[in-house]
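Novice: Given next are the chains, with one letter for each unit.
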Amino acid sequence: MGKIVNDFVINVATANGTGSQSSNLIILHSMFEMGIPVSGKNLFPSNISGLPTWFIIRVSDEGYQAPGDYTNIQVLMNKDTWMKDLEGLEPGTIVVYNEDVKLPVDRDDCVLLGMPMTKMARKINPKLGRLIANMYYVGAVAHLLGIDEDAIGKAVKAQFKGKEKAVELNMQAISEGRSFAEENWEFECQFCVESREKNPDSFLIEGNEAIALGSIYGGVSMLSWYPITPSSSLAESIIGWLPELRSDGDGGSTCAVIQAEDELAAAGMVLGAGWAGGRGMTCTSGPGISLMSEFIGLFYFSEVPGVIWDVNRVGPSTGLPTRTQQGDLSMLYEASHGDTQHIVIIPGTVDECFEFGWRAFDYAERFQTMVFGFNDLDLGMNRWVTSGFNYPDKPMDRGKVIRSQEELDSIANYGRYRDVDGDGIAYRTLPGSGLDPILYRGTGHDEDGVYSEDPQVYHEAMARLKRKIDGAREHLPEPVIREEENKELGVIFYGSMENTIVEIDDMLEESGLSVSTCRVRALPLHSEVENFVRRHERTIVLEINRDGQLFGIIRKEFPVDLIPKIHSVAHSDGMPPRARVYSDMILEVLKEVS
Amino acid sequence: MGKIVNDFVINVATANGTGSQSSNLIILHSMFEMGIPVSGKNLFPSNISGLPTWFIIRVSDEGYQAPGDYTNIQVLMNKDTWMKDLEGLEPGTIVVYNEDVKLPVDRDDCVLLGMPMTKMARKINPKLGRLIANMYYVGAVAHLLGIDEDAIGKAVKAQFKGKEKAVELNMQAISEGRSFAEENWEFECQFCVESREKNPDSFLIEGNEAIALGSIYGGVSMLSWYPITPSSSLAESIIGWLPELRSDGDGGSTCAVIQAEDELAAAGMVLGAGWAGGRGMTCTSGPGISLMSEFIGLFYFSEVPGVIWDVNRVGPSTGLPTRTQQGDLSMLYEASHGDTQHIVIIPGTVDECFEFGWRAFDYAERFQTMVFGFNDLDLGMNRWVTSGFNYPDKPMDRGKVIRSQEELDSIANYGRYRDVDGDGIAYRTLPGSGLDPILYRGTGHDEDGVYSEDPQVYHEAMARLKRKIDGAREHLPEPVIREEENKELGVIFYGSMENTIVEIDDMLEESGLSVSTCRVRALPLHSEVENFVRRHERTIVLEINRDGQLFGIIRKEFPVDLIPKIHSVAHSDGMPPRARVYSDMILEVLKEVS
Amino acid sequence: MVRLNVLELEKSEYTGGKSSLCPGCGHDQISNNIIQAAWENGIQPEKIAKMSGIGCSSKTPAYFLGKSHGFNTVHGRMPSVTTGANMVNKDLSFLAVSGDGDTASIGIGQFIHAIRRNLDMVYIVENNGVYGLTKGQYSATVEKGSKKKKGSVNQQAPIDLCAMAINLGCSFVARSFSGSKKQLTALMRAAMSHRGMAFIDIISPCVTFANNDESYRSYNYVKANDEVLHILDYIPHFSPLEEVEVPEGEFREVNLFDGSTLRLETVAADHDYTDAVSALSAIHKSEKAGSHVTGLLYYDDDVPTATDTLGLSETPLVDLSEDLLRPSEDSLEKVNAGFRS
Amino acid sequence: MVRLNVLELEKSEYTGGKSSLCPGCGHDQISNNIIQAAWENGIQPEKIAKMSGIGCSSKTPAYFLGKSHGFNTVHGRMPSVTTGANMVNKDLSFLAVSGDGDTASIGIGQFIHAIRRNLDMVYIVENNGVYGLTKGQYSATVEKGSKKKKGSVNQQAPIDLCAMAINLGCSFVARSFSGSKKQLTALMRAAMSHRGMAFIDIISPCVTFANNDESYRSYNYVKANDEVLHILDYIPHFSPLEEVEVPEGEFREVNLFDGSTLRLETVAADHDYTDAVSALSAIHKSEKAGSHVTGLLYYDDDVPTATDTLGLSETPLVDLSEDLLRPSEDSLEKVNAGFRS
Ligand SMILES: Cc1ncc(C[n+]2csc(CCOP(=O)(O)OP(=O)(O)O)c2C)c(N)n1
Ligand SMILES: Cc1ncc(C[n+]2csc(CCOP(=O)(O)OP(=O)(O)O)c2C)c(N)n1
Ligand code: SF4
Ligand code: SF4
Ligand SMILES: [Mg+2]
Ligand SMILES: [Mg+2]
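For the protein sequence lines, the chains are A, B, C and D, in the order given. The first sequence begins at 319 in my numbering and counts up by one. The second sequence begins at 319 in my numbering and counts up by one. The third sequence begins at 9 in my numbering and counts up by one. The fourth sequence begins at 9 in my numbering and counts up by one.
Hints were generated in silico from the structure; no laboratory data involved. Be aware that a few hints might be false.
Estimated spans, in silico, between C-beta atoms of each pair [unchecked claim]:
| # | chain 1 | residue 1 | chain 2 | residue 2 | range |
| --- | --- | --- | --- | --- | --- |
| 1 | C | Val-10 | B | Ser-728 | 31 to 41 Å |
| 2 | C | Leu-15 | D | Thr-317 | 23 to 33 Å |
| 3 | D | Gly-298 | C | Val-10 | 54 to 64 Å |
| 4 | B | Glu-848 | A | Leu-880 | 15 to 25 Å |
| 5 | A | Ser-705 | B | Lys-784 | 50 to 60 Å |
| 6 | A | Phe-505 | D | Thr-317 | 40 to 50 Å |
| 7 | B | Gly-406 | D | Lys-157 | 36 to 46 Å |
| 8 | D | Gly-298 | C | Ser-349 | 41 to 51 Å |
| 9 | C | Pro-31 | A | Glu-408 | 31 to 41 Å |
| 10 | B | Lys-784 | D | Lys-342 | 49 to 59 Å |
Virtual Cβ for every residue (Gly too), placed ideally from N, Cα, C.
With these hints in hand, go ahead and build the complete structure from the sequences.
Specialist: Written as structure tokens, this is what we have:
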């Protein structure tokens with residue numbers, strides 16, 4: 319029987335707080351070391367210790383990164399989900415389980431491979447037995463798939479950087495696991511790994527850390543934050559990198575960090591920093607954005623730059639705090655009362671996380687407004703490949719800031735809110751500069767910044783704001799388009815769906831369709847998105863939410879003649895998107911409308 | 319020369335805090351007493367004393383209530399706006415001014431009628447001179463237009479109810495003003511009033527007070543509020559009426575009122591009250607809704623009834639706090655992060671303010687969700703005619719609340735969130751009842767209310783919520799449709815625009831169009847709105863905001879084939895809508911699309 | 009033989025679901041304490057409403073009093089939800105659990121205003137000095153100089169929630185430690201017998217993120233630095249003699265709203281729990297000394313509750329019939345007529 | 009001859025726009041006081057940042073210091089905006105005005121946390137016991153028993169913002185009265201010379217809604233019940249002898265950050281402004297007596313400011329050049345390489 323090479327799914331069922339995250343990352347990284355295209359998704363619960371956690375590893379020479387349709391190898395460690403995990407398996411699945419859990423394994427139609435992991439672990443180290451038990455399944459999986467010892471060694475070292483004792487102990491457990499499997503399991507696994515040429519530049523990194531680094535290279539000078547999953551790691555990563563990357567010569571930090579008392583305060587601090595001429599940012603998730611709504615209106619109306627990253631988790635309300643979704647998009651676009659509209663930038667890869675991390679500040683200062691970065695738990699907290707981040711290709715754009723009296727004098731008829739250039743963007747001065755001081759305010763104001771309730775003044779100010787944000791369209795990241803000759807079907811999508819789109823695309827093409835894709839990377843939408851729709855017979859807007867939020871925006875904004883060609887496919891259940899679910903839904907919709 | 323009867327506009331320019339509001343209301347009410355169709359709009363500043371205020375009185379046998387195109391009679395009292403007010407007048411305007419202001423009145427093309435109002439007032443009462451001066455223009459206007467002395471007398475008495483001294487003093491000032499005008503002004507005014515048969519049942523009332531009364535008749539049991547213009551008068555009116563209308567036999571109040579520490583707390587209190595089985599409500603304006611956003615998601619997801627009235631003022635941010643707008647609608651519909659959708663009811667008359675005031679609670683308890691009432695400053699804080707409020711035509715609908723063990727037992731497979739009836743609405747039990755207790759939560763939960771992160775459970779819960787709110791469409795107030803035979807043009811509008819639509823309609827018909835109108839009274843939209851569009855050649859969605867917010871909702875939701883027929887006309891500058899502005903815009907749009 | 013309480017209920021009637029907190033977490037001890045106190049006090053479980061915000065601490069209402077309704081609300085906003093519920097049903101016994109993040113940061117405003125209104129509730133803060141659920145960031149109550157397992161020493165001054173409550177005139181203010189079973193039970197029972205805001209700040213070690221010895225809120229540190237104000241005995245109104253011996257030394261007695269008594273046996277120096285300034289002084293002193301002062305810090309039985317001042321119906325509003333909630337048709341005619349005249 | 013200050017500026021350089029408040033409003037007196045103090049202290053107007061929330065009080069930054077930038081933010085959230093601005097430009101002198109509604113209700117959380125961080129600013133509350141701008145509702149600072157012009161007697165306990173600040177370790181806490189020109193100017197000048205949070209709670213009568221005699225915050229009431237702690241003289245660092253006579257009786261001197269001195273002349277009993285508990289005691293006592301204790305209540309010059317603890321660059325962050333804000337290309341290569349290994 320021919321082996322299935324580099325094409326399978328492993329699912330590891332554990333409880334959190336048991337150290338299983340280390341084991342899973344070692345499996346992931348060891349294969350990555352071998353140059354094998356691999357991705358991992360951590361499905362963790364909203365608590366600190368003891369609740370069910372699954373880690374899904376997808377290995378695919380095709381580069382598919384979504385959880386596959388079925389699990390090929392199931393690791394069973396958690397008694398709480400044992401029975402349900404078992405039940406859900408397809409016949410033929412390989413089940414590696416911890417014998418010491420002492421629960422029945424009644425699946426004769428599967429391949430059952432037991433190992434007394436806890437007992438063996440206790441032998442090496444009675445105290446750390448529970449943690450180390452998880453390393454045995456690493457050994458078991460390594461054996462089944464033929465993962466290089468070297469690669470494992472490297473991954474373990476990377477995981478326990480600097481802690482030699484830990485490296486040794488865990489290596490021993492993995493070896494014992496491998497040996498036990500070799501000696502006791504007669505089964506020859508149909509799945510195996512095969513080394514590929516590894517891009518020596520590539521590494522795995524979480525989206526949040528990439529944004530953190532991007533922000534640091536974007537010159538963030540004030541980070542205010544309030545902890546919330548899944549955005550905390552973004553802030554904590556900035557904090558972690560600051561000493562190395564952002565010390566002035568004399569040991570002083572060039573970025574202030576404040577753990578705010580709540581999200582309202584975090585947003586207010588960003589506003590204050592932006593007003594004073596700094597590059598302020600915060601990061602949060604849906605509930606935080608809701609709380610920031612009032613301040614967001616003040617950013618918009620008083621025209622202060624700032625950056626807020628939303629790492630989306632499942633809403634509404636507290637929702638599923640540790641699951642992924644694209645459910646905040648429409649809120650971000652028009653957050654706060656009254657007529658408002660905000661810039662939203664949406665990375666889809668870790669490279670873009672880095673890039674948009676720094677660009678966000680340029681946009682904010684250029685357009686003198688609050689810029690939302692939109693990320694989600696899947697891209698933010700799982701690890702994805704990059705071959706290294708690119709240094710910003712241009713100096714910081716500090717926007718229209720007047721820094722001297724001469725500059726000020728050179729502007730005829732200067733006023734803080736006067737559109738002298740015709741692009742809707744006025745010039746500003748900074749506190750402390752002594753230049754043309756005004757009292758900023760959230761109330762109506764004229765072109766000089768003076769309080770006004772005058773109808774005409776208000777109407778013109780609002781029209782200018784609309785023009786300003788509208789004018790940003792063509793300056794924001796343009797969509798990434800992969801286009802087929804035959805313009806049969808276009809799929810518009812965004813953000814972390816990038817990790818699933820190739821597989822969806824392939825599934826659709828299998829059914830005979832020719833599929834172009836267009837990844838939206840910013841709101842308001844670039845004109846190329848509209849052109850993309852125009853060129854295609856039909857377009858699907860694909861997203862990870864219930865209501866089809868981007869679809870709604872497109873329906874609202876696109877020319878009437880395009881509307882009949884555009885359809886929504888939206889689905890969200892907290893899971894990272896599975897390709898099959900979406901491709902089936904797309905086919906369904908196409909059937910309905912044709 | 320024939321007189322122009324009951325068809326003119328008076329504009330009174332004063333400073334606030336000078337008692338001018340009393341004078342203006344006396345003019346308004348005296349004409350109302352005479353059975354003349356009249357309306358008044360108070361344009362006041364966002365401060366307490368000394369800033370410019372205008373009061374616009376429209377008299378129109380046609381029943382037009384919007385500020386007209388031009389001012390026919392201008393009363394000038396305020397030195398701060400004197401010059402600008404004068405400048406803006408059309409030739410021929412009658413200008414009644416306070417001579418004692420001692421500012422030039424350089425408009426030879428107008429009719430200039432001066433009176434030493436302050437001096438005369440000081441003579442009667444040196445201390446109250448400033449306040450009483452305003453009564454002189456009442457006399458002047460009464461003289462010019464021929465307002466009945468009796469009617470004036472009644473209006474003064476109503477205004478200073480019970481304060482005999484004040485009645486006397488002010489009557490004297492008005493009489494003196496009238497006499498002065500008679501004796502000194504040779505001008506014969508081309509405008510005059512003529513009594514009409516007065517509906518003896520009719521009276522004038524502010525929308526906010528009507529909602530307050532409606533809420534009281536709706537059985538509100540907890541009002542939490544945080545002061546904010548223009549919603550404060552709603553809360554304060556409830557507070558004012560409670561002792562008379564809502565005492566139990568023993569002097570205890572049947573409604574608790576809490577002045578909350580902020581809007582977040584106010585919303586939380588409504589949630590708590592609804593959860594505990596009460597009828598909780600709060601009222602606020604845009605900034606408050608932004609602050610309540612997080613709690614609104616909790617209402618939606620945990621399915622707790624509550625009522626929040628938004629009395630819209632001009633946004634974004636603090637905006638123009640004392641001006642009117644319909645700028646919060648789209649926010650209300652989808653407030654909070656994640657996929658959400660809320661019921662919004664939108665009265666357009668004071669009768670509906672009362673009616674929706676009580677119905678709001680029925681909807682909230684029926685659909686177990688937060689219901690927004692949407693009002694604006696124009697309808698809320700100006701006075702409008704009613705012929706008296708109608709008593710609720712059905713008992714309270716307390717929704718699906720289980721109050722006994724028997725009831726509970728009669729439901730097979732009961733669970734707090736199980737859709738046993740197929741309408742998306744589950745049954746609930748109340749704390750204190752001992753019946754099937756659960757821990758309510760904003761996190762994922764299964765049909766029994768137990769915490770769950772299960773993808774399927776989440777997906778189904780969200781689908782049911784969508785079904786539930788969707789199911790409300792046909793139960794909410796249906797649109798009010800006035801339809802022409804010839805289905806040429808349909809105009810969709812909502813809320814306070816009701817007060818301007820007749821005039822807009824007439825203006826459009828003058829230009830040869832045949833116009834049907836459809837006043838939307840709730841979101842999600844009733845199917846009759848869609849049918850209305852279907853029946854008409856073209857439809858305009860008319861609203862008082864910048865972005866065409868209802869239009870956006872309609873574009874998102876209506877069938878594709880209807881979209882090309884629907885166009886947006888949206889305008890907002892803080893002023894109560896002027897008919898000409900909108901009718902011109904409509905004609906413009908029709909020209910563009912035809 | 010199973011033991012029964014005064015309502016003849018077994019203790020199991022007061023338990024809840026299985027905890028999902030970290031084994032050893034102080035919060036679980038507090039849950040047990042709540043179960044014990046509610047059972048011993050013989051409170052009807054269905055008359056209790058469990059309230060909480062968001063955090064490890066705020067999850068615990070799922071783990072006790074399974075027969076009671078409850079609401080696990082949003083982060084920091086539990087007090088307002090409790091207020092609304094209390095307004096419409098003043099007969100419910102509100103038992104609320106919050107965390108130091110939930111109360112001292114995002115929720116401090118609602119905490120303060122609930123105290124100001126003297127909301128009738130038991131308000132427990134399970135105070136570990138960190139944000140447990142979001143993985144161990146410092147909270148605003150952590151002491152200057154305290155250090156959690158990972159990260160640097162905290163540099164900021166703490167917010168002492170007891171001092172804040174006392175300063176605001178909170179009617180019952182106590183501090184305890186999750187590991188002090190006897191003291192905590194007595195205080196918990198007394199709090200449940202109190203009418204008005206009973207605030208208990210309970211030091212509750214987070215074993216995962218801050219149970220190292222350099223943490224002022226670790227088990228070891230607290231045990232070594234617990235400055236106990238008095239020895240406490242709770243004497244329930246239905247059984248005045250229950251297991252309580254008359255102490256030999258000096259003691260004072262607090263008469264609680266439901267007729268029960270809290271007996272305070274003087275330890276070293278006597279503490280005057282009726283004097284706000286002396287209570288504040290005790291706290292300020294212990295803060296300087298790096299110790300935790302525990303016991304009943306402040307008590308005032310003369311503060312009207314939130315519903316008292318509103319002059320509400322005797323009947324809880326939720327139980328009023330429609331004819332009391334909706335005024336008569338006649339009354340509306342009068343209202344209309346009034347406007348017409 | 010026009011008088012000039014130490015910077016040789018006329019007082020008119022410190023004035024602002026025309027006030028739109030009600031004639032006689034206490035807030036306008038405070039504005040004048042701010043103008044006077046800033047001018048006398050010789051602060052560069054362009055180095056001041058005026059901050060406020062929403063309310064009649066919060067409008068006043070439009071009426072003073074027209075040469076200074078400022079931000080009239082949203083209701084209750086001025087402190088966070090100030091924090092952000094302070095982080096990026098620690099050399100600005102933040103002068104903030106808020107109201108009792110703005111600070112004690114919606115903004116109490118931000119107030120508390122700004123104090124906890126010892127934000128370097130002057131924080132003035134123009135405290136009238138009502139929400140002026142929304143037409144006179146009671147605020148949370150109004151005393152029990154006080155009555156405004158219309159409406160019933162207030163039944164709820166007040167939040168004393170000074171007591172709250174002291175309890176939180178605020179480094180400079182004072183109370184004054186808009187009508188006490190001399191005392192207020194001395195305190196205002198001292199506050200401007202302080203580094204860290206200088207909080208001044210100023211009783212400021214609302215003439216429109218609460219200047220009746222039954223209001224504890226009316227001119228008449230305050231004049232009759234002002235319990236002055238000490239007579240104050242401010243001695244600026246640039247002119248140590250300016251118009252200040254050495255008092256005859258006992259006195260103490262507070263040395264302020266910029267080298268100036270606040271001299272406190274004992275009135276009756278001496279007040280120990282270095283002791284939090286005694287300051288709290290003074291406040292609690294005066295509250296019971298229905299009087300207003302005014303003067304420097306508490307002072308501590310040993311609290312690090314918000315930026316101190318962060319170890320920021322000496323240069324205000326806003327003045328850093330791009331090469332300090334954006335790390336080098338090399339450094340990014342190192343970062344990449346680190347991940348690869
Ligand atoms: C609005 C909002 N912001 C942030 C969070 C994330 N969050 C969950 S729990 C928590 C802190 C909990 O700390 P604490 O109250 O001390 O409880 P503990 O876990 O320590 O018991 C935070 C910040 C949230 N759920 N909602
Ligand atoms: C979020 C929000 N809620 C409510 C308001 C309405 N509002 C404006 S000023 C004010 C109270 C002001 O009171 P205070 O701070 O005491 O200032 P004062 O007018 O008394 O000086 C309120 C509630 C608002 N602007 N924003
Ligand atoms: S993280 Fe800390 S607070 Fe949370 S459950 Fe674990 S030990 Fe308790
Ligand atoms: S309402 Fe009161 S606080 Fe506001 S300006 Fe007038 S007097 Fe001052
Ligand atoms: Mg905590
Ligand atoms: Mg005030």
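Novice: Is 49 to 59 Å a correct range for the gap between the Cβ atoms of B/Lys-784 and D/Lys-342?
Specialist: 50 Å, holds
Novice: Would you say the C-beta atoms of C/Leu-15 and D/Thr-317 sit inside 23 to 33 Å of each other?
Specialist: 54 Å, violated
Novice: Tell me if the beta carbons of C/Pro-31 and A/Glu-408 are separated by a distance inside 31 to 41 Å.
Specialist: Holds - the Cβ-Cβ distance for C/Pro-31 and A/Glu-408, about 35 Å, lies within 31 to 41 Å.
Novice: Just to be sure I understand the hint, the distance between the Cβ atoms of B/Gly-406 and D/Lys-157 should be within 36 to 46 Å; is that true here?
Specialist: Between B/Gly-406 and D/Lys-157, where Cβ atoms are some 37 Å apart, the hint holds.
Novice: Falls inside 15 to 25 Å, the C-beta gap from B/Glu-848 to A/Leu-880?
Specialist: Holds: the Cβ-Cβ distance is about 21 Å, inside 15 to 25 Å.
Novice: Are C/Val-10 and B/Ser-728 spaced within 31 to 41 Å by their CB atoms?
Specialist: 33 Å, holds
Novice: For the range 41 to 51 Å, tell me whether the beta carbons of D/Gly-298 and C/Ser-349 fit it or not.
Specialist: For D/Gly-298 and C/Ser-349 the Cβ distance comes to about 44 Å; the hint holds.
Novice: Could you see if the CB distance from D/Gly-298 to C/Val-10 stays within 54 to 64 Å?
Specialist: About 57 Å separates the Cβ atoms of D/Gly-298 and C/Val-10, which means 54 to 64 Å holds.
Novice: State, for the Cβ atoms of A/Ser-705 and B/Lys-784, whether the hinted interval 50 to 60 Å holds or is violated.
Specialist: This hint is violated: roughly 42 Å between Cβ atoms.
Novice: Regarding A/Phe-505 and D/Thr-317, is the given constraint of 40 to 50 Å on their beta-carbon distance met?
Specialist: 60 Å, violated
Going through the hint list in order, the structure does not satisfy hints 2, 5 and 6.
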